[in-house]
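Asker: Chains as they are written, first to last, in this note's numbering: chain A, 1 to 171; chain B, 172 to 655.
Don't read these hints as lab results, they were simulated from the structure.
Using C-beta positions, here's what the derived DEER-type ranges look like:
no.	chain 1	residue 1	chain 2	residue 2	range
1	A	V67	B	P623	19 to 25 Å
2	A	I36	B	F248	34 to 40 Å
3	B	N459	A	E99	26 to 32 Å
4	A	Q155	B	P479	35 to 41 Å
5	B	I439	A	E160	57 to 63 Å
6	B	R413	A	A34	48 to 54 Å
7	B	P479	A	G159	47 to 53 Å
8	B	P479	A	A34	45 to 51 Å
9	B	K405	A	A34	41 to 47 Å
10	A	V62	B	K622	24 to 30 Å
11	B	P589	A	V67	32 to 38 Å
12	A	A34	B	T492	26 to 32 Å
Taking lysine-lysine pairs in the DSBU-like style, the calculated list, with each CA pair at most 35 Å apart, reads:
no.	chain 1	residue 1	chain 2	residue 2
13	A	K89	B	K481
14	B	K507	B	K385
15	B	K481	B	K600
16	B	K401	B	K507
17	A	K89	B	K537
18	B	K507	B	K210
Over the 10 Å line for every Cβ pair with chain B, so calculated as not near, a few chain A residues:
no.	residue
19	F20
20	I35
21	G42
22	V62
Glycine included, C-beta positions come from ideal geometry on N, C-alpha and C.
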Amino acid sequence: MHDSEPLAERDPVEATRREFLSMVSVICGAAIAAIIAVPCVGFLLSPLIRRAPRLWRSVGPVNNFQVGQTVEVSFLDSSPLAWAGVTAKTAAWLRRETETEFIAFSVNCTHLGCPVRWLPHADLFMCPCHGGVYYKDGQVAAGPPPHPLVRYPVQVYNGEVRILTSPIPTV
Amino acid sequence: MSIKSKTKRCLEVIEDRLGLAAWLGPIMRHPVPRATGWKYVFGSATLIAFVLQVVTGVILATAYVPSTSQAYSSLQFITHDAFLGNVLRGLHYFGAGAMVLLIGIHTIRVFLMGAYKFPREVNWLSGSILMVLTLGMAFTGQLLRWDQTALWSVVVGAEQAARVPWIGTAIAHFVMAGDTIGGATLSRFFALHVFILPAGLFLFIAIHLYLVVKHGISEPPVPGHPVDPKTYRKEYEELLRRDGVPFWPDAAWRDAIFGLLVVVVIAILAIVIGPPELGRIPDPTILNAYPRPDWYFLWYFSVLALSPHKLEPFIVVLGPTLFGLLLFVLPFAGSKGERAPSRRPWAVGSVIIVLIIMWTLWWEGKRAPWSPDFTAQPLSAAVVGTSTGPVAQGALLFHQKGCEYCHRIDGSGGRRGPDLSTVGERLTKVEMTIRILNGGFNMPGFATALKPGELDDIVAFLETRKGAVPRSVSNSETGALQKH
Chain A
1 MHDSEPLAER DPVEATRREF LSMVSVICGA AIAAIIAVPC VGFLLSPLIR
51 RAPRLWRSVG PVNNFQVGQT VEVSFLDSSP LAWAGVTAKT AAWLRRETET
101 EFIAFSVNCT HLGCPVRWLP HADLFMCPCH GGVYYKDGQV AAGPPPHPLV
151 RYPVQVYNGE VRILTSPIPT V
Chain B
172 MSIKSKTKRC LEVIEDRLGL AAWLGPIMRH PVPRATGWKY VFGSATLIAF
222 VLQVVTGVIL ATAYVPSTSQ AYSSLQFITH DAFLGNVLRG LHYFGAGAMV
272 LLIGIHTIRV FLMGAYKFPR EVNWLSGSIL MVLTLGMAFT GQLLRWDQTA
322 LWSVVVGAEQ AARVPWIGTA IAHFVMAGDT IGGATLSRFF ALHVFILPAG
372 LFLFIAIHLY LVVKHGISEP PVPGHPVDPK TYRKEYEELL RRDGVPFWPD
422 AAWRDAIFGL LVVVVIAILA IVIGPPELGR IPDPTILNAY PRPDWYFLWY
472 FSVLALSPHK LEPFIVVLGP TLFGLLLFVL PFAGSKGERA PSRRPWAVGS
522 VIIVLIIMWT LWWEGKRAPW SPDFTAQPLS AAVVGTSTGP VAQGALLFHQ
572 KGCEYCHRID GSGGRRGPDL STVGERLTKV EMTIRILNGG FNMPGFATAL
622 KPGELDDIVA FLETRKGAVP RSVSNSETGA LQKH
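Using the sequences plus the hints, can you model the full thing?
Answerer: Below, the structure is given as structure tokens:
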């Protein structure tokens, strides 16, 4: 062995062969990594590739809601997994503005997503985390939120108030 | 043949076939400078805390169900029903805290003693990656304690990621494993916490230890003796030849004793204090939440609350990026020169400043004066001074309209806005009225939320708030107190 190595190195054909074999081995390794990685990365990215469908979910008959009041409603996400448990639901703050007009606010503070609370006597939404405050129409009243509360699409259909399932709002 | 000689023969055969002692012996006995002392124990103690985390984590995983719907009840089982379950959770909780604390102390020690300089730059880099991975473990670990706080922490984490330009929303949905929190969310964090991040930790611990042995443990710095890459290696080898001792056991015994101390303290805390109680169920429709990070991120919670609003997107995204960049640039920017803290006032000063800032932010995070105090109770008649009339009515409205969530009166209420215990001395009736109606300085306007009579009552109540003395005290005593 020890004698053959220097000999082979001196041999240009042997040297080229070794170079070629190294290249083949490295390419094989890269191919193995790619074959494993592509489906794995694809699987992890699936939430970005397969978006959840958006559905209208009923939150109750129109008559359940009084004009001028804001109440919490909740609805099922559009395609919850069987093991989602309580997290299959999303909450919203629903305000009946007039006989025909509803506003559905996302509960997520536009600062960093904490759930805002409705204070019915003060007509304010307040966030427990970093102190964001909003007026009843969702406009920012105080604190760090950069935007008004996000509104979900809402409609009245066959006497039921329906909210369109939506992603958690991001800035 | 005696038993002793038989055992010896047996060990010789094993060693002949495996060669473990021949391989590990020289590594364990590699020479280290004699003068290393108790300052050098924090790295190994971090490793011991990590081993504790791995073992207790694996055992917890035998009972924990990483399912969004069942994790909470499996945690209840571990905490309240399983034999020694509470202790095990406690060990894992305090072990996590110990690991974060120790890696922080180790980093500061290495920085202050200039041990990151030539030729140990990559030791520092691998250590920096280990610190980032450890913080990742701390964050994901808090989320696996799948209660209401964990749920909202995922949302807050995703919303921060969403601040990244262009791809922010995609990262947020990647983090939550969907558009919203759902069945897939927890499984992902579980895989991250028990497979992906630990794999990274194992890999970089191996690299870190390999480099520690390769370059040797840094000698204690000597003032006036700067690192010169041209001569350093030769000097270090000379030092080891002259005054080196084998790591095992001449230096390792201190690591063993300190490691034992760390584990004993963790065990005592786990048994005496126990793990944090689970919060409410992780139901996104329960909106009476009060999410707070565990102690090691409490300072960052303050950063998020106190940043100037316009600068915040930059702070949230650029802050961690710059911090990471600094960690990576440091050993190359400062690979030469003095190592002794006494010759590096800027290094010492910056550590002190960073620690003071973090401590202050941590303390503020604990108080969270920016959060409304939703637990504030209506002011008692003793505080109000009367139980009838407009003043009493105003005091009641002060609570009902949410004023008290942000303003304190005689020790009751939030700290968000100014303390109003003596507002009657500072502001006139007109000034109060204008402020309440229009808001300002981070206060909402109440023009549409108050009826005229209600506004008058609140102002009437606030006008009585004069002097920080109980209203039952007689006038003569008040006069005496006010003179002080």
